Amino acid sequence: MLSPGSGNTVIKSKLISRRMFLITAAKAVVMVGLVGRLISLQINQATKYKSLSDKNRFREWKLAPERGAIKDFFNREIASNEPLYQVHLVPENAKNLDNLFVRLKAILNITDNRVSFLKRKIRKQKPWEPVIVSENLSWSDFSRLNLFLHELQGVEPIVSVARTYPDNSSAHILGYVSQISAKDLQTKEYLKELSVPGMAVGKTGLERKLDEQIIGKVGYQRYEVNAFGKRIREIKIDSGQAGKSFKTTLDYEVQKYTAELLKDKAAAVCVMDIYNGDIVSLVSSPTFEPNQFVHGLEKKYWNSLIKDEKKPLANKALSGLYPPGSTIKTIVALSALENKIVRPLDTFRCKGKIELYGEKFHCWEKEGHGIVNLRKGIQRSCDVYFYEIARKLGVDRLSETAKRFGLGKKVLSDFIEERSGVVPNTKWKKKFIGQNWYLGETLHSGIGQGYFQSTPLQLCLMTAQIANGGFEIKPRIIFDGKNDNLRDYLKFKNENPNQPLPTDLLVTNFNLKPLFKNQEHINLIKDAMFSSSNEPGGTSYRHRFEDPKFTFAGKTGSSQIKRFTEEQREAEVKQESLPYKDRDHALFVAFAPYKNPQYAISVLVEHGGSGGKAAAPIAKKVIKKVLERHDLRRSTNNLIGESV
Amino acid sequence: MLQQRSIQSSQSLRDKILSFDYVLIFSILVLGIISMFAMYSTDGGEFKYHTKSHILRFFIFFGMFLVISLIQIRFWHETSYLIYISFFLLLLGVKYFGLTSSGSQRWLNLYFMNLQPSELMKVGLILFLAKYYHRISIENINSFRHLVLPITVLIGPIILVATQPDLGTSILIASGGIVVAWLAGVRAKFFIYSGVAMIALLPIAISFLKPYQKSRILTFLNPERDPLGAGYQIIQSKIAIGSGGLFGKGFLNGSQSYLDYLPEKHTDFIFTLFSEEFGFFGSLFILLLYALIISRIVRVGNMTRSNFGKLYCYSFATAFFIYVVVNMMMVLGLLPIVGSPLPIMSYGGSSMLAIMFGLGIVMSCKIYKDVPVN
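Chains A and B are the protein sequences, given in the same order.
Using our numbering, read the first sequence as starting at 32 and increasing by one per residue.
Using our numbering, read the second sequence as starting at 89 and increasing by one per residue.
If you are wondering where the hints come from, they were derived from the structure by calculation, not from laboratory data.
Being a predicted model, the structure only gives us computed values, none of them experimental.
It cannot be assumed that every hint is accurate.
To be verified - Here are the simulated EDC-like pairs of lysine to aspartate or glutamate, each with C-alpha atoms no more than 20 Å apart in a straight line: (1) A:K505 <-> A:E431; (2) A:K45 <-> B:E227; (3) A:K261 <-> B:E227.
Throw the hints in and build the complete structure from the sequences for me.
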């Protein structure tokens, strides 16, 4: 053939084939390696990569559930939900943002500031992430917007729900809701799974106490998202579960009425059913506007709230601590009777003051009350009488009785703002103040001053437990439809006056816990309270009801802010002439009607002066209102009892 | 039989068509059709630009492949140098008139398509060296004088392509050339020496690398180094392939690519997309298809009488194998991301053109297997 000899060609060809064989072997090895890698990724590690792929793909958005409603005893919603109209804007759907904002400004009247804020926000985030143009639109603005919607591309009208309260009469007991804070997330375990941006949680009051149950179950939307985080399609939606609704024992009508009475005062009122502990009314004043907290509070409003010296944010009925003043005398007298320190008809002479241990102890009546027995002591609220019996009784026995009747410990559970107050005794002083007890302090304790501290709710409970004949009740604010053991017991006793069983056994049968040793003592105190309110000379005689349907029995009190100096005492300075901050707190506790007691009430007016003048008139009006609604309440209660 | 074969130059067209390697043609068609479906999937299950363009190119270049097959192997032998020189001139053209995209100048605007001459050079270099080693006698192969030209024609395009910059393609071009030299009988010693020299020069070469190239290599060594940046592609590709499992997620259901987690899914990562949707068995099928194509090319080399044909077929088969393996190792996380397309499957006209051109010459070797080239 041609120039490269065929022999040469053959040798070359063999060389090529030999070398190709080596390459082919290498290829086979590499191929096996590739298959091995495929096996490793797609078979051995498939599960791992599948879950990684799903992690890429799916993203969940949580949906805030609807809060449960809070209703009053008559099923009126006192904390409910209202539709919330918002306007969102998805920048990538808008044709021209500048034009759009001009149009929106004309329709919704948003400020220039807001517009530039929104524009800045849009620049910072991804174009498909919505911005909230308007958080809370009125219905008229919202419907106007809907008319123009076809020319507003990118704008989305959104309807959701938000907490709303009919008025601010129950603001303190209901509390308020607001955005979840970082601290909430740290401290509240149940929020960890629930946390949804923009979700409101209860911050105080019932809203906080019930939060875990009332908040509902968070729903979620699972979306498939692309590599840039844009939602491609909805995979799954779980709309969650609305929170549980609660029925309370409160009477909204009474709340409104009482709140109106207390307007402009720094005051608190508690009303309680003396048999089952239902809290009918619990109002603190001045109040605040809970609706303001739902959509982010205005700084100005917040500042005005915290600067107000009447402390509108504090629930004075639960967390205000006041010396019980003369209202404690009922307990002092009871304790003395039970401990056989004094007999009802034992008398002391009140000359306006006594001198003991080298100290002068004054009676509020400068001229003195003359000869005073237990009934008159309570009726006139004679301090000297109580100095005498407190001295004999001693603070430890007094504190034991006071605690039994509910002072010094929290009345309700799970209200973070509730405080337990102080019932002083020798041990307490040693432990908390580190000093020994002075006998003079026993005398101050005997008239409810000194270390004594109590909340209006505690005083109400104390009064209720005297009024119901001395049985323990467990106050409640969430209606639970439980049986009225105490009412059943009294009904049974009335229907079977000749019941052979001794009282003790009866009490056990009805699962009651008596707080007395001898019920006669309780009756003595009740009678004395009656005379205080309904007999001439009584401290609240001027505010009595003649109509037996409304007749109440009460006890006034005032908690001292500053002790009078000897000069002031000589000059007979009136409370009214003191500067507001130095005036005593006025207190009044009562139960009504006297013949057939149903409700106990406590009234506190901060810096109101004397209980008889400032607190009793309010109590009188509230008692009337509550008793007028008594039949309605009882019939509702029975209805519920049947249906349960 | 032998008598008949010896007068093949007077084969009729019918004879030529009958002597096509139909297994090879069939494998290429199957792969082409698979690639069309894969492309359809990258377009999100719609018949859009990439799919249309890919189908069009496949059929045009497949036609071209058939035409090239029918042309005498002697012609290709004779024009080998010319082809190399014209491709080299095109590469030079790129240097001065090329289009720049994402920081590298690789393309020539030919109005109907953007041509990437570096892809053509992959075949051009093999063709040149196959002819060169076919022509020199076996004694001269290892003489220094006869090594100068091969080294020159090898290094010229490599430097031009590497400075585009396109490190991946320049390595692939070089590998094709080295394979021809190896097959022709250049001593193993020579390869070892130059390998050692390369390693010695590596630190200097690294100092010439662009920052993104350095980062790619570092990222390959540890993809988690920068999971949202340079390591992203490797991680997402492994997730896609791994999550495909045994049977895959199903056609058009590859969430990784559908949701844009996969980068470059039309081109370098087309195998990833396919593997995610069709799983281990699908991937194995593709791998076997490539193995079949390569073994058919080798078979043509075995049948060809001329050393030019042998050298060309073996080298092209090996280069083809390297392209496939480099791409797969890259998407499987076994090699750094160097940017090499998967033959036939990947979107890209120049790559398709070069491969079909190369295959056409292989088929021409088959048809004219008994024709001496000179």
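Open item on the list: Hinted pair, alpha-carbon criterion (20 Å max): A:K505, A:E431. Please report holds or violated.
Closed with: Holds - the C-alpha atoms of A:E431 and A:K505 are around 19 Å apart, at most 20 Å.
Open item on the list: Check the hint pairing A:K45 with B:E227 against an upper bound of 20 Å on the C-alpha distance.
Closed with: Holds, at about 14 Å.
Open item on the list: A:K261 and B:E227 were given as a pair; does the straight-line alpha-carbon distance stay at or below 20 Å?
Closed with: violated (67 Å)
Consistency note: the structure conflicts with earlier hint 3 alone.
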